[in-house]
Amino acid sequence: MSAAGILLSVKDLSFSYGPGQPPALSSVSLDIAAGTVTALLGPNGSGKTTLLNLILGWLSPARGRVEVAGKPLDAHTRRELSRTIGLVPQDEHVTFELDVLEYVLLGRAPYLDFLETPGDEDRRKAALALEAVGLSALADRSIAALSGGERQLVILARALAQEPAILLLDEPMSHLDIANTRRILEVLADMKKNGKTILFTTHDPNLAAAADIAVLLKGGRVLADGPSASTLNERNLKSTYGVGVKVVMLDGHPVILTRA
Amino acid sequence: MRRAALGSTLIVVLAVAVCVSGAAALPSSPHASPHPIRITDAAGHAITLETLPKRLVVIGKGPHLILHLLYMFPEGRERLVGMEKRGRTASDFLEAIDPAFKDKKTMGVNPGPEEIAALRPDLVLMKGSADERMSETLAKVGIPVAYLSLETPEEFFRDLANVGAVLGNEARAVEVAAFFRGRIERIQKTLAAAAGEKRPRVLLVMGTDRGGKFAVQVPAGGWMQTFQVRTAGAAPVWLEGIKTTAGWTIVNLEQIAGWDPDKVFVVVWHSIDPQSMIDSFKADPQWSALKAVRAGELYAFPEDIFGWDSPDPRWILGLTWLAARIHPSLFKETDMTREVYEFYQKLYGLDRAAVERIILPKVRLDIH
Amino acid sequence: MRSSRGRSRRLWLIGGLVLLCLAGSVMLGRYPKPYVTPLSAIRDNPLAVNLILHLRLPRIAAAFLIGMVLSAAGAVFQMIFRNPLVDSGFLGVSQGAAFGAALAIVFLGGTAWAVQGSAAVFAMAGLAASYFLARRIRLGDWILRLVLAGIAVSALYSAATGSIKYMADPTRQLPDITFWMLGGLWGITWKDVLQILPVIVPCLIVLFLLRWRLNLLSLRDETAFSLGVRPGRERLVLLVAAVIATAAAVSKAGQIAWVGLIVPHIARRVVGSDAQRALPASILLGGVFVLVCDDLARIALSGEIPLGILTSFFGTVLFLVLLLRRKLGVRT
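Protein chains in written order, with this note's numbering: chain A, 1 to 260; chain B, 1 to 368; chain C, 1 to 332.
Bound-form chain A, shown alone:
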């Protein structure tokens, strides 16, 4: 951990997908403190997923760098990084019918050598991760037979089995109903209590309101960033989305309403 508890740091990051393409991200800089929940908010195409992939190290920036625990990404080994950063993608390929527990077990890969197969300890941790999302009962079910909400939770469980310090979630709640959304948020709150650092993307301002920090992105640039209660105000949101919204404070948290 570096000074002032900053675990993840993005410095002046720029990226574009191809030589003739407009930049997906321009000069984005962020500092994310350990143990916080940060929401990346912005309309579609604002560069949220790109930013997540850059933080993950899956994409390489054209300019700038990503630092984890004070060191740039390429100063870490792949193994270190895979034990530090976990990804919950928006959805997952599921061509063949793995069992839920077998799928969650995949999250133990960073702790296994190339030719190693999971052992009892790994199975135990996978079961714990499944319990953490409240789906232990589904351990032997086929992953293809799950509902959308259950599947999202299972994907989260897989990431938890990785025991990462940082959890990246890409639109984790976009296909979920209210009950499942609530569940995910509860899990995330638990994770925060356990000291994990969480970063999720969303296009729904109300979900961003559930986070500690909100970062507003538009057109590949950071428009505003700071504590969600203050950053999610009407002016910022209007700049981000181009439409007027009404913000109401409820128990100290902003509630964003769109006007008809």
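For lysine to aspartate or glutamate, the following DMTMM-like pairs were computed, each having C-alpha atoms within a straight-line distance of at most 25 angstroms:
#  : chain 1 : residue 1 : chain 2 : residue 2
1  : A       : Lys218    : C       : Glu222
2  : C       : Lys165    : B       : Glu240
3  : C       : Lys33     : C       : Asp295
4  : A       : Lys193    : A       : Asp122
5  : B       : Lys54     : B       : Glu175
6  : B       : Lys54     : C       : Asp44
7  : A       : Lys125    : C       : Glu222
8  : B       : Lys346    : B       : Asp98
9  : B       : Lys140    : C       : Asp295
10 : C       : Lys165    : B       : Glu136
11 : A       : Lys71     : C       : Glu222
12 : C       : Lys33     : B       : Asp122
13 : C       : Lys33     : B       : Asp103
14 : A       : Lys192    : C       : Glu222
15 : B       : Lys85     : C       : Asp295
16 : B       : Lys105    : C       : Asp295
17 : C       : Lys165    : B       : Glu155
18 : C       : Lys191    : B       : Glu136
19 : A       : Lys125    : C       : Asp221
20 : C       : Lys33     : B       : Glu136
21 : C       : Lys191    : B       : Asp122
22 : A       : Lys11     : C       : Glu222
23 : B       : Lys140    : C       : Asp44
These aren't lab readings, by the way, just hints derived from the structure by calculation.
The hints should help you fit chains B and C onto chain A, whose structure is shown.
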């Protein structure tokens, strides 16, 4: 003529004697040749047989070609124990001349090594030198395989000599070879004497008629059919211009019209009626425009039970007939009926009555 | 029985089935009589012993090995390409291997290493061509595109093999075209087995050791990456091993179709989709499948039936059964 009669009588007597003795148990002590038998087969393998093989099995493509060769030797008839039944296994012919033929074992197409081993052969004879790995496979269980090719005259004489060697009857092989060579030389002498005679341009094709559509194919340059045409004093047109691979090659009518041959001979597969094939050719507007067809020089290749063109030993009859058709003025005395009698007598020991009964009814000579 | 223990038990049962089939196959043949060879026939008969040791056993070994390879390769292709409808016959791999082998026989001297090497090179090229072609097609979803591209590449290779056959001296250089198209093991000796063993065994070992990684590789690339996997590299290792082993098998046996397609599906139904069990199950069941087909090929009739005909027949029947009962175990 007397020598031929004496010779054939001797063969018949010998054959009968051998058959009678062969009906009893096989001789217990091996009838070994003085030296081990050594041959080089059509695939170039050097084969050494310590004792005379007593049980012969024939497999591979066109088994009738090898069987017809074997049956020229009394030992061949006796020692053949089994064969692969593929295509025409010569049953129509061999059953007629050998009552014991139907007792020989037959195997289905492409028998495996175990199936062949079950016949306990001392030697397996097989046509073709392709990557048929039978020789390697059977060698592992101690069964030798000799390949025969029979596609060209040189191969025919070499394979004939090999058959004589493995049967322990080289004298007979020499006799048979002399018969063939004698006929060839006779034709060549007649042609040489008439040096000024023009060599007609001749096309020989195999015609197939599938569902009313003709396909015609020309034989390979080195094959027996090409040899027959050339030796009969004609120029094979299909050697001009197109590349013939080592097999039958399809040619289209444009190419044939381009060659514009003087005479056309069509080999018709035995299952098709040659007269109807010839008639369909003549009725076809494009074929009938050819010079040869207009002049009436379109012939079906002759045959009896088997065709006289293929590498079957009957090719010598085909050659004799061809010479007479191509140079009728030079070969006026050729009497094909007499040739047929002599062929079957000398080579298969059939007397006149047998030839008349078995062969002559099937002879088709002048279809055009 | 979906429990983990139940599935492991089934895997052991499959192992037992393997031993049974191997033992049974030794007793089947056509010498001295068709079908079953009684022990009494073997006892005092050196020819019978010879036949069994030098012809039957290597053939059984070859059939089993080839079944293992084709099935393993099929399972690997299906998981890596996330496509339940592929095997080496649908991706240009088998046809490429046949083309490479024919090319080596006609133009490169035909030594065992030239043939296998050439087969491997063209098999890899076929796979690459199918994959990159599929990425550029704009028709249908990924499953369809890969199958279409694979069929096109396979057809091209088949035509090319036919041309070589046409140009080569048919009496000397190449086995019958039917051998390449329909496959067959009738000439197999220990020499042949020993030529492909040093290629096939290491490749199978590699695939076996990486069986759990195969699960990881069926995830999204980003997810796999986040788990410390290098997806491109690990996929390449698996694919290369699968293709090289397949090429060795094809160079000896011709093209044997449908094994790699159908056996992994059956294996998955029996032991679940986790590659930790599904891959070994595919391997063993594939061996059994081809072994049983080859037994039929060599004993059913007096003449040999080309092996590819039997595997295609049984393979397609099983495929149709699974398809019609919607039990192909796949979600798209």
